[in-house]
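A.B. asks: Sequence:
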Amino acid sequence: MDTTIRRAQQADLPAIAALFDLYRQFYDQAPDPVGAQAFIQQRFANGESVLLVAQAAQGGLAGFCQLYPSFCSVEAMPIYVLYDLFVVPAARRSGAGRRLLQAAHAQAVADGKSRMDLTTARTNHAAQRLYASLGWTRDDVFLAYSLRTGTADVAPAGG
421 MDTTIRRAQQ ADLPAIAALF DLYRQFYDQA PDPVGAQAFI QQRFANGESV
471 LLVAQAAQGG LAGFCQLYPS FCSVEAMPIY VLYDLFVVPA ARRSGAGRRL
521 LQAAHAQAVA DGKSRMDLTT ARTNHAAQRL YASLGWTRDD VFLAYSLRTG
571 TADVAPAGG
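Counted from 1, the sequence shown has number 533 at position 113 by the numbering used here; the numbering is strictly sequential.
Take the hints with a grain of salt, since some may be wrong.
What the hints assert, rightly or not - Ranges between beta-carbon positions, derived for each pair: (1) 434 x 510: 32 to 40 Å; (2) 453 x 531: 26 to 34 Å; (3) 479 x 564: 24 to 32 Å; (4) 552 x 458: 29 to 37 Å; (5) 544 x 569: 19 to 27 Å; (6) 557 x 479: 33 to 41 Å; (7) 566 x 477: 36 to 44 Å; (8) 480 x 562: 24 to 32 Å; (9) 546 x 461: 24 to 32 Å; (10) 480 x 560: 32 to 40 Å; (11) 566 x 431: 28 to 36 Å.
These are calculated hints, taken from the structure and not from any lab test. Owing to the predicted nature of the structure, the values given are computational and were not obtained by experimental measurement. Glycine included, each C-beta is placed from N, C-alpha and C at the ideal position.
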């Protein structure tokens, strides 16, 4: 499948939101097309993320990735957190994911980021192989922790 990687445009948001909803379902979340649309629209409208898309030759989107600007306090440098990467099943093993990651790297360099960080499920072995093949190194030193604040009950993803 031939794809072109490019920065997302306003007109892409409905298609990205549909992919984002599938991405969330991949991580065991209930389908929520309205919430997915609102979340993607807010990030785009507020300039809170960088969205890259894999445009299939047939015209539809084969995948997307989303980069969130952040900082590394230890390095005292800006970074990107690559939080979302999704390729539709029909386009997997076509190189679309690899090309999205390469475009994300180029974007990080262009934007002066010192590095990109990402996390993935321990069971997502295909993604882990892809990351390693592109030079990403697995962090075996630090552990990741998470604490729920309870705000998810107050402010849904779409609101």
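A.B. asks: Taking 24 to 32 Å as the stated bounds, is the beta-carbon spacing between residue 546 and residue 461 within them?
C.D. replies: holds (30 Å)
A.B. asks: For the range 26 to 34 Å, tell me whether the beta carbons of residue 453 and residue 531 fit it or not.
C.D. replies: holds (30 Å)
A.B. asks: Using the C-beta atoms of residue 566 and residue 477, is the stated range 36 to 44 Å upheld?
C.D. replies: Holds - the Cβ-Cβ distance for residue 566 and residue 477, about 39 Å, lies within 36 to 44 Å.
A.B. asks: Between the beta carbons of residue 434 and residue 510, is the distance compatible with 32 to 40 Å?
C.D. replies: Since residue 434 and residue 510 have Cβ atoms about 19 Å apart, the given range 32 to 40 Å is violated.
A.B. asks: Between the beta carbons of residue 480 and residue 562, is the distance compatible with 24 to 32 Å?
C.D. replies: Distance hint for residue 480, residue 562 is violated at roughly 38 Å.
A.B. asks: Would you say the C-beta atoms of residue 566 and residue 431 sit inside 28 to 36 Å of each other?
C.D. replies: Since the Cβ atoms of residue 566 and residue 431 sit about 35 Å apart, the hinted range of 28 to 36 Å holds.
A.B. asks: Could one say that the CB atoms of residue 544 and residue 569 fall in the range 19 to 27 Å?
C.D. replies: This hint holds: roughly 26 Å between Cβ atoms.
A.B. asks: Is 32 to 40 Å a correct range for the gap between the Cβ atoms of residue 480 and residue 560?
C.D. replies: holds (39 Å)
A.B. asks: At the C-beta level, are residue 557 and residue 479 separated by a distance inside 33 to 41 Å?
C.D. replies: holds (37 Å)
A.B. asks: Look at the Cβ atoms of residue 552 and residue 458 and judge whether their distance stays inside 29 to 37 Å.
C.D. replies: holds (35 Å)
A.B. asks: Taking 24 to 32 Å as the stated bounds, is the beta-carbon spacing between residue 479 and residue 564 within them?
C.D. replies: This hint is violated: roughly 38 Å between Cβ atoms.
Of the hints listed earlier, those the structure fails to meet are numbers 1, 3, 8, in rising order.
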